[in-house]
Structure formats: C-alpha cells, structure tokens
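Each protein sequence line maps, in turn, to chains A, B, C and D.
Position one of the first sequence corresponds to residue 301 (this note's numbering), numbered consecutively onward.
Position one of the second sequence corresponds to residue 875 (this note's numbering), numbered consecutively onward.
Position one of the third sequence corresponds to residue 298 (this note's numbering), numbered consecutively onward.
Position one of the fourth sequence corresponds to residue -9 (this note's numbering), numbered consecutively onward.
No lab work stands behind these hints: they were computed from the structure.
Remember, predicted model here, so these are calculated numbers, not experimental data.
Don't take each hint at face value.
Calculated cross-link-like contacts (lysine-lysine; reagent style BS3-like; alpha-carbon spacing at most 27 Å) [stated by the list, open to error]:
| hint | chain 1 | residue 1 | chain 2 | residue 2 |
| --- | --- | --- | --- | --- |
| 1 | B | K1053 | B | K1086 |
| 2 | B | K1234 | B | K1163 |
| 3 | A | K387 | D | K112 |
| 4 | A | K518 | A | K387 |
| 5 | B | K1234 | B | K1056 |
| 6 | B | K1206 | B | K900 |
| 7 | C | K496 | A | K387 |
| 8 | B | K900 | B | K1193 |
| 9 | D | K134 | C | K496 |
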Amino acid sequence: MLTILFDGIAYGMILFVLAVGLSVTLGLMNVVNLAHGAFAMAGGYVGVVLVNRLGVPYLAALPLAAVAAALIGVVLERTLYVHVYGKSHLDQVLFTIGLVFMASSAVSWALGSQQVFIELPGFLRQRFEVFGVSMGAYRLLVIGVCGALAVGLQVLLSRTRFGSRLRAAVDDPVVARGLGIEVGRIFLLTFALGSGLAGLGGALGAEILGLDPNFPLKFMVYFLIVVTVGGASSIFGPFLAALLLGVADVAGKYYLPAAGAFVIYSVMLVVLILRPQGLFAPRSGR
Amino acid sequence: MIRRSFMAALLAVPFVASAQAQQTVKIGLIVPMTGQSQSTGKQIDAAVRLYLQQHGDTVAGKKIEVVLRDDGGVADTTKRVAQELIVRDKVSVLAGFGLTPLAMATAPLAAQAKVPMVVMAAATSIITAQNPFIVRTSQVLPQPAAAMAQWAVENGIKSAVTLVTDYGPGIDAETWFAKRMKEGGAEVLASLRMPLASPDFAPFLQRAADAKPQAMFVFVPSGQGAAVARQFAERGLDKSGIRLIATGDVTDDDQLNGMGDVMLGVVNAGHYSAAHDSAVNKAFVGAFKAANPGMRPNFMAVAGYDGMHAIYQALVKTKGDTDGAALVEAMKGLSWESPRGPMMIDPQTRDVVHNLYIRKVERVDSELYNVEFATIPMMKDPAKP
Amino acid sequence: MRAAAQAALADLGRWRWPEVAFWVAAWGSWLLLPEQHLLLNEVAILGLFALSLDLVLGFAGIISLGHAAFFGCGAYVAGILARLGWGDPVLGLLAAGLVAMGLGFVTSFLVLRGSDLTRLMVTLSVSLVLFEVANRMAWLTGGADGLQGMVVGPVLGWFAFDIFGSVAYAYSLVVLFGLFLVARRVMHSPFGLSVRAVKGNALRTAAIGIPVNGRLVAIYTMAAGYAGVAGGLLAQTTQFVSLDVIAFHRSADVMLTLVLGGVGYLYGGLIGALVFKWAQSWLSDLTPEYWQFWIGLVFVALVVIGRERVFGWPAAVLRRIAR
Amino acid sequence: MTAVLETIGLERRFGGLIATSNVALRLERGARHALIGPNGAGKTTLVNLLTGVLAPSAGRILLDGVDITTLRQDRRVRRGLVRTFQINQLFGDFTPLTTVGLAVSRRLGLDTQVWRRLGSRKAVVDGCVEVLERFGLLDVMNTKVATLPYGRQRLLEIATAIACGPRVLLLDEPAAGVPEAEREGILAGVAALPADVTVLLIEHDMDLVFRFAQRISVLVNGAILTEGTPSEIAADHRVRAVYLGSDHG
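Work out the full structure: start from the sequences and follow the hints.
Structure below.
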C-alpha cells in the first residue's frame, strides 16, 4: 500500500532531521548528547509561540525555530558543553540527562504540560491524489524539506572547506590546531548546526509527534536507534536508517498492529548483532 | 499466627504513640506531576487547591491539610508514597491515582491500613472492586463507551471500527462499545489496539479507515487525543464519510483549543464539559481559570474537585470522625450537584453514577468546546451488576 | 620484600574504617530512623540494582542501558510465583535471581563485541523487546495494568511484612549486605581481578591466558542475578509488579544512580542510591512539580564542576583534621 | 632436537594484499632466535598470527608438534606461547604487584577462584616477588602502573609475560622507545631467562639482535628472505641490499 509507504517516508524523514544532529555530535565530536531532544523541543515550542500566539506564518516560523535552537546550542556549548568534551562518556550521560530534566521542568513551568501542536495553515491541510496514492500536503512538505537538508548536509560535509576542517579537527585536534584550524570554533559551529537541525525537526515534526515537556525523553530511544543503526559517522547512514525505521514502524503498525513496537526493537537487535558498527557504516579496513 | 502478630506488634510499638489526638485531617494527594501523565496531575492539583480556596480549610471542626506528592506515574513509587503518607504523615484519606496500575498497586495497602482511597482519575472498572475502601469520583470507561454505542445505534451507524490504547481502560472501552453495538444490531468490523507509547498514529488510522466503517470509535488516554484527532483530519478521513466518535478523553477540554478546527463536529460521549450549562459549572470554570491562567478545567479537574467535595461531605456526616470505615460509609450514597451535573456515589459499588452527555465540538466565543446535545441520565457503571 | 609483597596483596581486600562505618550506619538506620524505613527500603533495592550494574559497567566495562531487563525479570518471577501461591519470600528471591541469571547468561553473548554505543543499544533493545513481551503476555504478567493478587508470606515463616516497611527494610538490607559481601569477596579474588583486567586491557588479558569472553559472560550472568534479586525484592516488598519494573526509565535511573556515586568501587551504587533517592524524595516533597529541575541542576553541576571537587572537599577536610 | 614452535606455509591476505606469504619458521627448544626486517615487512602480522590475534588464510602453526592453528589466543598462552607487545599493553589502574599477581595466578590455574583472595597462596606471593625482583620492580610494586616512567612500564610489559611461565616467548621490539640508560635493565632481564625458554625476538635494533640472537630470520615483504647465524646474515649481500635503502644501510 503506497499511502503507508508515503507516510512511513515522511515519518522517517522527520526522525532523520531530529537525529542527524546527534549523529554529528556523537560520531564526529564523540560527545554523548542525550539532551539532543531538548533542542528539538526548544525549536518546537518556539514554533508554537510564534505561530499560535504571535501569528507568524508557519513557513517563516520554521527557520526561526531552527535559528532559535541553534542559538540556544551556541550558548550552552560555550558555557557548559565545553567543560564536558574531555570527560568520560558516563559523565556526559549524567550531564546531558541533567539538562533534559532541567529543560522539561522549565517548559512545564513556562508553557504548561499539556500536549500542544503548531497550527498548520490551510494549504498544508490539503490532500492530493497522485497515481492513486493519497498524499497530504504537510507530509509532502516534510519530505521535501528533509530531503533537501540531507543532500545539503552531505555536500556541506564532503565538499566544503568547513567539512574537511571538521573532519581534520575530529581526526586529530592537535594536528588540526597545528595547521591553523580553530578547533573550538569548528566544534561550536558543528554543535550549533546540529542543534539548529533538531530545532527545525521539532517544529516541523510537531504535527506528527506532538509537543509536551516529556518530548526529549520520549524520543531519545528513537534518536539513538537512528544513529546506531545508521552508523554515527556519515549523513547517508542515518538517513537510510531513519527511512527504514520510519517505514518499518508505520508498516509494522499497519500490517501487524498486534505486534506493536516489537518489530522495530527486534530488527534493531538483529542489525546490531550482525553489524555492530551500524548497518550502513563502511566496512572497517583490514 | 500468634508469633507473627507478636512480631508485628513489637515492630509497631514505636509508631503508635503519636497517632492520636489530631485536630488536623490530612489528605494525601498522590498524582503524576512529572513524566508522561503530568497534565493529569496538574489539573487535579489545581482543582483541589481551588476547592480548598472556595470552601475553606476547616470542616466539621477539623482543619484540612492536603499533602501533595508526585509519583511520576510509576506504580511502586505510588505505593511507597502512599505508605509513607499513611505511616509518617498519618493521612486519613488518600486521593488522586492518575493511572490504573497506580491505583491497583495501592489498593491492598489502603485495605490493610483501612484508609479510604478516593480515585480521581484512573478509570478501569475493576478498581473499586479491589477493596471496600475505594471510592471513585472520576469516571468508569464502560460509561462513555456504552453511551457512545447507544447513540451510534440510534443514529443509524451500522458499522464501526474501534481504536483504543492497549491497556485496562482501553480494553474496557473496546469491550463495552462492541457489546452495546451488537445489542443494537450494529457491527464492529475491527478492534485495533495501539501501544501506550505510540508516537505516530497514522498507520492505525489508515488501517481503521481501510475497513471502510461508518464510524471510528476512539479511546486514548488524556493527553494523546489531540494527536489522534489531528492525524484523523490530516489523512482526510473527516471528508471521506467516516465519522469520528470518541470518549470524552479524546476531546479533553484542557487541550481542545490547541487541537484546532479539525476537531469541529467530532461527536463524543463524556461526563464533563467545560461548557456544561449550569450555574455551578460557570462558577467553577470561572474560578478555575482565574486561579490558573492559561488552563481550562477538564474532566480530571472536575474529578479532583468532586473528590474533595465527597471527602468534605463525609467529614460533615461523621462529625469529624476520621475512621476509614466510617468515612467510606458516609460517602456511600452521597449525591450532589457537581459542575458536571448531578452525580452520586453508588452505595453498593462506591463507584460514580452521573449523567453521560453526547457532545459535539463547536466554536463558542472563539474557543472550542464540547457542546452537549443529548443526555443519558444517571448512568451506573455498566460493567458492574 | 616478600613480606612486603604479601602484606600489600593481603591489604587489597582489607576492611577499612569508612567501610565499617558505612555498614554500621546502614544497620543503625534501621533502629534510629523508623520513619524512613519505606524510603530506605527503596534505597536498599536501588542500591543492590546499582551494585549489579557496577559489576558490569564499573568492573567489566560493559556499558548497559537495558539493565532493567534483569530487574524486571526478577520482579516478574517473584511476583508470578507469589500469585501462584508460592509466597515464601526467600524461595521467591532465589528463583528470581536464578531465572535472571539464566536470562543474563543467554543475552551476555550479545554484548561481547562492539563499541560502547553498540553495547548501549544492544542492551537497550533487549530490555525494550522484553518490555513488549511482558506487555503482550498479559495473561501472565497483567500487562499494562500490573500484576495483581500477589500473596507474599512472612520472611522465614516468621516476619510478616508490615505497613511501616520495617520488616521490608530489614529484609532488603540483609539481602543487600549478604550479596554485597559476596560481590566484595569475588571482586578481590583472582577471578575478580581478571574481570577488572578485561576492562583495563582486553588484549593483554588474553595475552596472559585469560579467556576474555568467558569472563564477560560470567560477570554479566552474575550481575544479572543480582539485578534479578533486586527486582524480586521490589516485587515482594511492594507486593505489586507493573511494567514500570522493566521500562526504559528504570534502566536510565540505575545508570544515573551509579554514575552519580561513581563506578568501579562497589560503594558507588549504594551511595548514589542514597543520594539520588533522598534528593528525589526531599525535592519532590518541596516542589512536586519541578523537582526534576533541581535534580538536573545537581547532575549538571556535578559534571561541570567535577565530581572530585564536589565530593572531594569533605575528604580533604577530614584529612586536614586528622593531620 | 624437535621444534618447539613451527609454522608451515603460513599465509595471511588482507583483501588482495598479501601480508604474510608462505612463512616457514622453526624454533628449537631453548633457541634464541631473532626476526628482523624493514618497516612494513609484516613482522607484527606474523606475531599476531602466531599468537592467535589474527587467523591465517592458509598454513599451520605447531606448538610442540601439536597443531594450534585454530586455537584461541588464551589457550595458546596456557600452552606456553606468550608474547609481549610492541606498544605497551598494561592495566593502567593496577599496580605492578597485582599485574604480575594476576599472571602468576593464571599460571598456577587459580584465576577462576572466586572466593580466596589473590594473595592468600604462598606460591602466588613467591612467584610475584621472584619476577618483580628479576626486573627490579620491587621498589615500585605498589605504584599505579599508569604513573610509572616509560622504561619501568616496558620492564613490566616483559615481566608480565615472564610471569605467565612461557616456554616460547615472543618479544615484539622490547627495546622500542626505551631510552639508552634504561635499556640495560631490559637486556639483563631478557638475558636472565631460563635456558629452556625458547625466545623469538622481533627487533629493529641491530645491536640488540646481534648481541642476543643465535639465529636470525629476515622477513621481507611478508616472506622469509633468508635464515642463518648472525655472521651469515651479516655477510649476506641480499640482506645488505634490503637494508641499504633503510636506516641501517
């Protein structure tokens, strides 16, 4: 059924934009940022305030949400994250979970705990019939935006100076510094990029996922699935993993509603056992 | 047996001394204030505080003190917190209980301690049967499910699909909707159950739609309704001739405004609407909104409010006696006019008896409301004999 | 020199006064803090659970975000036995531990390979799959509504669980202390040293003739048993089991608890459990809605300022006084 | 005399690359054998094949005439085939005493003991003291390994291998990175090995090789170029040619 496939792709695309920032911080900067979902939540709530309360047009609010999340990312990176780059993964877990707790409470205090949505404009609520497949305008927008982002990111990381500098900075910060690369700034920009993408994903995906203070914890597992199954070192891997997850989740629920989430977790387990480095990671050298 | 009770007595000695001579009646309010169900806790807490504010903290010569505790929606925490409230804070009444397992975990404890348990949220039918100290002021899921089915049959709906969350209340709803549909000669084409944590409802809705029913009956816990309804509309199902009918949980007053125009026209069955047309309710909604800017009372709030009312009235009847059995006895058969309309505590089952309203979502003064248009008066829990 | 070496080796497992003081305080708390027994019972159970994770994470270096699988397994075993009329707590606990060990043994083969992240996700997936299994098998587990109708007998046929949690806490503390002694003993044995060696350097461990995978399987199985017993304790002392026992937040909590207290020295889990539960209980009494904010702030501050500097100053003060 | 360690047609390919090609080595009991070769000749690959870190693509490895080709790493160690690493592989959190103590416990078959303390056996204590003494590590036996100076760590690397009770010892560049002043300690420790222990020295440092070895094999491009006594090797023009291009020309 093509409508299910279409829905699954849209869902997967959302997961991709939400998780790709995590893949970057984890794979490239080696920081276990479990607070990644908090940036998505921040972007989502910025969207809610802008669209629902201030009347900003939906399409204008999306980039603003991304920028806001990126700015929050910048501030937190400079003030807090810099202190944990050198710490153990376990300390990073404690630190980022702490941030999640704080973010959840702060949102609940400031904006209430009921689930909210961003009002969609009328033109995004339409549906089309294309070759007998019924598609919603909103989900088409999601696919379009996310697809473009995936391509853009791949180009950014593989074809630009920023990308090569980032890879150099990650491979060996000492050598990179010797080459005159400002490692701190590269990390800052990367972090901001990842947070901004999460913020955009949060605003864009609010319609499907809903927003509430528990958002970062609720979706943490999904983000981790995307990153581990996709392999945390490329753009393409998490992209395919997110699509696979989205389609499998939607199709699993459609065709085997009784099995629930069972399918997803079992598939992930098998993938991780067979390919511990991730399904789409390049096979290691040797 | 003797040696066991001896041991228990020995262990109990240090704690007995301070348990007497209370001029204060403590009520332990345990609700989820954090985690997935936090909106439930916040509604109940706000309503309980409102009740105290409106009715004073003194009744039958006793000072009332509400001790609020968060359980995060985790059953063993609920039980431990309840136990601490009984043992350490010496509460006379336990109240709250956001979800079925939370109430179930605490039930044996309340029976052992002979402390009344006023259930303000959990809605599975079996809860009140767990022990004779449980009184419920929220609702029982079979009520709206049966009411909805009754209305559907009367309004010519011959086929439906049920779509419920896969846990106790959901299965209650599914069972009683299907039962009443069949009794009315209508057909349930498929019964779909969704996992409790389900981010994307699209595939379930699609599957339900593919069965081509005349109506889709939905139950999801308070807080998830918006996502389902929006995706129902997003899939264009509202225009495809399938009617969305639901329990009042889906069109939760707290969230209804945020769900947007897609909800307009959804028919549902529930016991409380913020738009219920009565003086009592207008006063309640007005005071609630004034005390809690940005919130609108929903069925959780009214259950908390009524729960406090039941406790107050029972204390009046017992003249301040806080003995658990006496309080429960006093609550049995209580009836009053609640913001939801007339309600009563069933003297046999200690469960709630109230009007069930068939409502339709409409825009009233720029806000969305459940507007009542039909009433099934004083419905008991259909699942209890 | 030989004597010095012998003394140094003998010193490895010697009881030091802070340890003795810790356990004296633990037992003293039963007598002196009767009002806190319920909370302390939860502390003891979480402490045992975190000790179990410490065996895996702190000693063998396997990072696990799905440890609740074994906790939940033990809880359900103890709970289901009690429901079927096998209400003897000690036997129930034994069964809980053994079944969890079986599960640990079977799943240990999945965590032998891979990076931290892979292991994190493998353990997480195992627990999520088991969560779904427990949810599906509602006829046995009660599903999302929880397991009802447990009848737990008195401990050793003598001490019935009371409403004050006194028997429960004493029972949990005895079990915790006993299992702690075993863990302590094992971790100071050559076997325990070899497990630490695997974490320190697996390549070298194999090069001195120790089977790395065998050690990991053994310690993972043992830790699973510990977690199972902890779960069994929770089921028996609360006389209720719900899906929460196996949920993701349970795994995350125990990880936070352990990391809070520090990994790899057996006491981290116990201290973390005490601090975490106490702070949670204290803060959530003060501010039931927003306590998480303050807990979060503690976590963040602890990492940013540095655990050594936060926990280090009392030790430094003590040292100064002693001098 | 029978061979203690023998390889027959040993081969290892990585994709299309042949890292080890048809290597036949034969070590007699008590031999002092050196394996030399320029960088990239495949010396470390060969050690990894011998010790079971890597599986060969073809060929067999015999220890005391028993085929150990498919045996696990730790099993080979238990049979007496022990190695040191070119780059220190130590337990940073341990002390030299516990490191050696663990190895000695393993040798005595006590490593699966879960109940008795490490130091509760006299034999373990004696074994530790003996090895630590031989490598002059007694004075730092209770110092955390990670804080030891590099030369001491290097000694511990070898001491740990000795503590395993080897019958065949593979020394992978034992003097690598060790300052001149500390080198003597390492050489002395190696020289003091019991005569019945067979030693295969993989080394870059020609001084060390020629002082130590009775026989030398030269590995070039993964294959054995030649084998002989030190004087034969020194005179071999092919070996000279190979090394001319490198630092020992």
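Against the structure, the hints:
1. For the suggested pair B:K1053 and B:K1086, the alpha carbons sit about 20 Å apart, so the restraint of at most 27 Å is met.
2. Taken as a hint, the B:K1234 and B:K1163 pair is honoured in the structure, with Cα atoms around 22 Å apart against an allowance of 27 Å.
3. Straight-line distance between C-alpha atoms of A:K387 and D:K112 comes to about 41 Å, which puts the hinted pair past the 27 Å bound.
4. A distance of roughly 26 Å separates the Cα atoms of A:K518 and A:K387; the hinted pair therefore holds under the 27 Å criterion.
5. Under the criterion of a C-alpha separation no larger than 27 Å, the hint pairing B:K1234 with B:K1056 is consistent with the structure, at around 24 Å.
6. Restraint check: the Cα-Cα separation between B:K1206 and B:K900 comes to about 21 Å, which is no more than 27 Å; the hinted pair holds.
7. Distance restraint check for C:K496 and A:K387: the Cα-Cα separation of roughly 18 Å lies within the 27 Å cut-off, and the hinted pair is therefore satisfied.
8. Of the supplied pair hints, the one linking B:K900 and B:K1193 holds, its CA atoms being roughly 16 Å apart against a limit of 27 Å.
9. In summary, the hint linking D:K134 to C:K496 is supported, as the alpha carbons are separated by about 16 Å, within the 27 Å threshold.
In summary, the one numbered hint that this structure violates is 3.
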